[in-house]
Amino acid sequence: MVSIEADGGSRGNPGPAGYGAVVRDPETGEVLAERSESLGTATNNVAEYQGLIAGLTAAAELGAAEVDVRMDSKLVVEQMCGRWQIKHPGLRPLAAQAAALVGRFSAVRFSWIPREQNRHADALANAAMDAAAGRPPATAAPARPAAAGTEQPAGTPATGSDPATAPASWEPRPTFTATRLILVRHGETPYTEQKRYSGRGDVPLSERGRAQARATAARVAELAPSVAAVLSSPLSRCTATAASIAGALGDVPVRTEDDLIECDFGQWEGRTFAEVRQQWPGEMDAWLASPRIAPPGGESFTHVAERAHRVISGLLTAYPGETVVVVSHVSPIKLVLRDALAAGDGFLHRLFLDAAGISVLDMWPDGGVAVRTVNDTAHLSAL
Numbered sequence: 306m307v308s309i310e311a312d313g314g315s316r317g318n319p320g321p322a323g324y325g326a327v328v329r330d331p332e333t334g335e336v337l338a339e340r341s342e343s344l345g346t347a348t349n350n351v352a353e354y355q356g357l358i359a360g361l362t363a364a365a366e367l368g369a370a371e372v373d374v375r376m377d378s379k380l381v382v383e384q385m386c387g388r389w390q391i392k393h394p395g396l397r398p399l400a401a402q403a404a405a406l407v408g409r410f411s412a413v414r415f416s417w418i419p420r421e422q423n424r425h426a427d428a429l430a431n432a433a434m435d436a437a438a439g440r441p442p443a444t445a446a447p448a449r450p451a452a453a454g455t456e457q458p459a460g461t462p463a464t465g466s467d468p469a470t471a472p473a474s475w476e477p478r479p480t481f482t483a484t485r486l487i488l489v490r491h492g493e494t495p496y497t498e499q500k501r502y503s504g505r506g507d508v509p510l511s512e513r514g515r516a517q518a519r520a521t522a523a524r525v526a527e528l529a530p531s532v533a534a535v536l537s538s539p540l541s542r543c544t545a546t547a548a549s550i551a552g553a554l555g556d557v558p559v560r561t562e563d564d565l566i567e568c569d570f571g572q573w574e575g576r577t578f579a580e581v582r583q584q585w586p587g588e589m590d591a592w593l594a595s596p597r598i599a600p601p602g603g604e605s606f607t608h609v610a611e612r613a614h615r616v617i618s619g620l621l622t623a624y625p626g627e628t629v630v631v632v633s634h635v636s637p638i639k640l641v642l643r644d645a646l647a648a649g650d651g652f653l654h655r656l657f658l659d660a661a662g663i664s665v666l667d668m669w670p671d672g673g674v675a676v677r678t679v680n681d682t683a684h685l686s687a688l
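Straight run, no breaks: the sequence shown in our numbering ends on number 688.
Among these hints, one or two may not hold up.
Here are the simulated lysine to aspartate or glutamate pairs, DMTMM-like style, with alpha carbons at most 20 Å apart [what the hints assert, rightly or not]: (1) Lys500 with Glu574; (2) Lys500 with Glu512; (3) Lys500 with Asp569; (4) Lys500 with Asp659; (5) Lys500 with Asp644; (6) Lys392 with Asp667; (7) Lys392 with Asp644; (8) Lys379 with Glu421; (9) Lys500 with Glu421.
Estimated spans, in silico, between C-beta atoms of each pair [to be verified]: (10) Val336 with Ala523: 55 to 63 Å; (11) Ser411 with Gly587: 46 to 54 Å; (12) Pro586 with Ser618: 51 to 59 Å; (13) His393 with Gly626: 53 to 61 Å.
The hints are simulated quantities; they were obtained by calculation from the structure and are not laboratory data. All residues carry an ideal CB built from backbone N, CA and C; glycine is no exception.
Can you build the whole structure from these sequences, using the hints too?
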């Protein structure tokens, strides 16, 4: 376990810039490593991210397994925790680089601290800025005209200047390769055909469902000849579909993931919508109105979304820039697509997902998402 204190700044924003980073033993306070560098002309936020990257790199070189990152940049801390979006493309490559480094540790915690608690890194950053400006070290703190929490993007010149004349060094760098997720709903079961709620019950594929699984496997192999992993809900209708896909890909191992299981529909399991509407009209209205409401004895969509998010977050860390096939059920896939499309909760009851339908989305380490396909069923037309 080590702690990282990192900072960066520029005199002018953009202007002569630099960063500083300190790696410490959190118990003794001993300095294990220092990093600082002048960056030429850049913005505060670019310098802050470079300080973070330098600190994480130094911690990795020391062989640390767990890291406590402490910064006085609210923006960097919130963006790395995933609570704030990274709106400007000039910062995304830096955030992606930092995210890739984070993935090398077993645990990383980010904390915001006041600047007075970050004096060592701040002093290193100031010295680097002075060097960038070609003058003796200054005693004043670096100028930061941007308000706290305001993103001053790389590639954006000072107010009133023309972006078209900005130096080439301010232009965004190429983004990292996305992780591609191929989301597959399992093939048809007897409950699917009868339009019954099918949650935790282990209802197997029907004969038609097995044919759908084979057709889906061939389609996935066309879409992604190289796949890093196939993940599946533990229920047999998913594992059988996943096994067909894995076989078409050259026997890629199938890994079951409990968090990919279908929503628990409780007392509604095995019943049709009409039957539920007749017996539980009030509960049905409440369930349709809010994802926080669970069927009697069952599970809310909010809880399903939490576990689906855990799976997706783990995949982005484990398979950066690769393709992963995820075989699951209607509810988890709908919730992943809802969040990917930044849609409202009404989306859940308006999107239809066919048995063996395929959806494809790309996800970048900085939070960028591109939904490529939703519920592709062209491969089932001949069945």
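Hints, verified against the model:
| no. | hint | verdict |
| --- | --- | --- |
| 1 | Lys500 with Glu574 | 11 Å, holds |
| 2 | Lys500 with Glu512 | 17 Å, holds |
| 3 | Lys500 with Asp569 | 16 Å, holds |
| 4 | Lys500 with Asp659 | 12 Å, holds |
| 5 | Lys500 with Asp644 | 26 Å, violated |
| 6 | Lys392 with Asp667 | 17 Å, holds |
| 7 | Lys392 with Asp644 | 17 Å, holds |
| 8 | Lys379 with Glu421 | 14 Å, holds |
| 9 | Lys500 with Glu421 | 62 Å, violated |
| 10 | Val336 with Ala523: 55 to 63 Å | 58 Å, holds |
| 11 | Ser411 with Gly587: 46 to 54 Å | 47 Å, holds |
| 12 | Pro586 with Ser618: 51 to 59 Å | 37 Å, violated |
| 13 | His393 with Gly626: 53 to 61 Å | 22 Å, violated |
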